[in-house]
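Following the hints, position chain B against chain A.
Chains A and B supply the protein sequences, listed in that same order.
In this text, residue positions in the first sequence follow my numbering: the first is 1, and each later residue adds one.
In this text, residue positions in the second sequence follow my numbering: the first is 1, and each later residue adds one.
Derived by calculation from the structure, the hints in this document are not laboratory data.
Note that this is a predicted model, so its numbers are computed, not measured.
Warning: the hint list may mix true and false statements.
Example chain B residues on the side facing chain A (calculated, C-beta under 8 Å, incomplete) [unchecked claim]: (1) L336; (2) R353; (3) W357.
For glycine and all other residues, C-beta sits at the position ideal for the given N, C-alpha and C.
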Amino acid sequence: MSMDTTDLPMVRFGRYLRDNPIIPLLVFLVLMIAVLEILRPGIVTPVRAGRDGLISTFWVGNLIKFAIPLAMLAACQVLTMLTAGIDLSVGVVATVSAFVCATLSAIWGVTPAVLIALSAGLVVGVVNGIGVGLVRVHPLIMTLGTGLIATGCLQVYQRLVINAGTEIPAFLAWLGTGRTAGMPNGLFVFIPFALFILWLMRYTGFGRLLFALGSNEQAAKLSGVRAWQVYLGLYVLSSLIAALAGLLYLGMIRQTSLSLANPLLLPSVAAAVIGGTSIFGGRGSFAGAIVGALILRVLDTMLTLMQMPEGARTALFGLIILAVTALYVRITGTR
Amino acid sequence: MSSTPLLDASDVAKSFGAVRALTNAHLTVAEGEIVALMGANGAGKSTFVKIITGALKPDAGQVLIRGKQAFVGSPAEARRSGLVPVYQEPSLIPDLDVSDNLRLTDTPVEQFQNWVTELGIEGLKLSAMIGDLPLATLRILDLARALAVEPDVLLLDEMTAALPTDLVERVLKTVRRKANDGMGVIYVSHRFTEISELCDRATVLRDGMSVGDLDIEPGVEERVVELMLGQKIDIGTRQILQTNEPQANTPRLSIKSLAFEPSFSDVSFDLFPGEVLGVVALEGQGQDELFEVLAGFDRPSSGSMEVDGKPVNFAHPADAIAVGITFVPGDRSDALLAQRSVKENIALPFSARLKNWGPIKLRHERDRVAYAVEKLQIDTRAQGEVQRLSGGNQQKVTIGRWLATGVETLLLFDPTRGIDVRTKRQIYPLVRELADQGAAVLFYTSELEEIPLACDRAVVIFHGRVVDVIDAADADEQTLMRAAYGLTEAEGTA
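In isolation and in its complexed conformation, chain A is listed as follows (with noise of 0.2 Å):
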């Protein structure tokens, strides 16, 4: 009698998920929340309370609210990682966007204010794609660097439109802290951006060229592809989109700083990987990365439930960022 381990259940379940990896997110993700309801009864059904039925949808709007930033980010982070890349500039290039913008609206009014503030992320996405794919600087150093060239330039922008006061955009704050049905609004700019992100790592020939390159470039040039080319789509691809997101940040939250959404890079980061994506390139999932962002906001709730000081809090995320993403790992066998 020969070994047939194909057949063992064991051995097909871990494959069905190696296949499927976003179940056993999508399992943790209602855990967490199961956790969350257990640590405080009623946050997440409100029965009693009955403040609007079963399940709370002011608490999951909340929670989706807060997620559409970090998953938009997190979609940079999984198309630069297909190529065995990073875009570190994102956290930079969302809060000069939403600081242009909100400044330049208060000066010459919304529309040139919110394309000047596109316009910006795509000078440092122009810049990125160049370092990475022209000059052939790892894009960990390119992206870094622009992000602190940004940072600075910022601060001098800052100092030059001192005196003219901000004003938030009237349909930014509409997405931003607005409802449709218990819904953020925000959903009509995430959905169908969710959508086109699926769309384009899947049905794109530039979605199936920023595989190839994160798996064998050596392979992609063979095949005629001119790599520098799509370095360059990819991270101008990656600031526009971070810009964007900085401008549903800045609706979001109705006020700027210079530092708005820089603290949404390394999440953003740990959102993608969680979600399944390799930092080595070649495999990633966009949708992995929205229920790592869920994830992450769940964690940061009951982080802050638990009523823990700042310190313990950032430590304990921390660790259980390095758990989910090593259980995850081991569960599904992949990098």
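Just chain B now, kept in the frame of chain A:
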């Protein structure tokens, strides 16, 4: 001599996902015995080798060395137990020099140097960086390093691939001598001539099972092939017998005095549509670089290239592809996206150009990929990830990529290296068929007997220059061998 074999692997089984690589493999090696491990690609040879050396864990079965359960789960353990492998890919670290590499594996330097000299490499400096040494030298160093630790069992995986003939002779002689001193050898190879010269016995794998254990005697080749294939097929008759006359007056590809110093200095030939032009060359005569220049990876240092009568100058492989010149490299790992699907690998060139970055034409892609898979009979059981396919099927994917896009000029660099007889036999007629349909094919092979099987004419490259053009269809191996060694030229000029 003890009755316990040096190595005894029995009932070994291993699966990767849905693919059962091994179901029931056996191998024994007695003291002083050289055993050939043979099998078509996909038969489970590589997996078996990895299990024997401890690089992979079997699902079932055991590996005993001197009667003791040797398998612990790491190559280091296997090494300590007396089994030392020499793999097809040199396992030396390119960024370290020779002596550092020796230190990493605790190899005694003096013995190592003795073996290096014995194997025919002269003037090796211990301070030489591994990355600067030619491939053939590295393989010899790998072997010398293995011999220096006096192994009980030596495993040689395609040891002579990419070695020039004189070094092959040395290697075979040395291995034979060590076996006479009592060392056991597992010899993994596709080359019958070496096996019949060297080995005592052959164990044949097919579909993950040991299907036969034969003593090497005259005529055993037929029997081995029979076992490997599971059916009797003759090797090496040209299946399409006609030789194609050039179908046009203008060559598809014409190169004149092309040079890429220091690798090759004077290469000229015309490649016509409908023709398969062979390249006969010993290892390292500049053919690697020639193909890379033709494919657009490197710019020539001088000389001219014309495609359909128009001068061309390639800055990137994309430029070569744009005029219909497509390249299948010798190293499959340079051509494949290991973790991606068969479909994505074959369809990769469709998305390469900027204008095709948009939505994928799904039906077009499906049809073209299906065409290539069908044409090459690619085994798609493990199509989710190309790395799970056998070597032969991986090679088919790299060729299939260009079949799917439509072949005009195909540069095939050693397309049959390290693949099984069955796949080889599919490749020759395919190459002929492409030519019949009007494609121009440049075909380099490290195995001379393939030249008459696949080619119409062949250019002979020696020391970076074209020294001869021969009619391939009726060239016998001796003629080719003499040509490859530059002997015909000597006669011609004398």
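Identify whether the interface hint at R353 of chain B stands, where standing means a beta carbon of chain A within less than 8 Å of its own. 7 Å, holds
Does W357 of chain B pass the interface check with chain A, least Cβ-Cβ distance below 8 Å? 4 Å, holds
Holds or violated: L336 of chain B as interface residue toward chain A, Cβ cutoff 8 Å? 6 Å, holds
No hint from the list above goes unmet by this structure.
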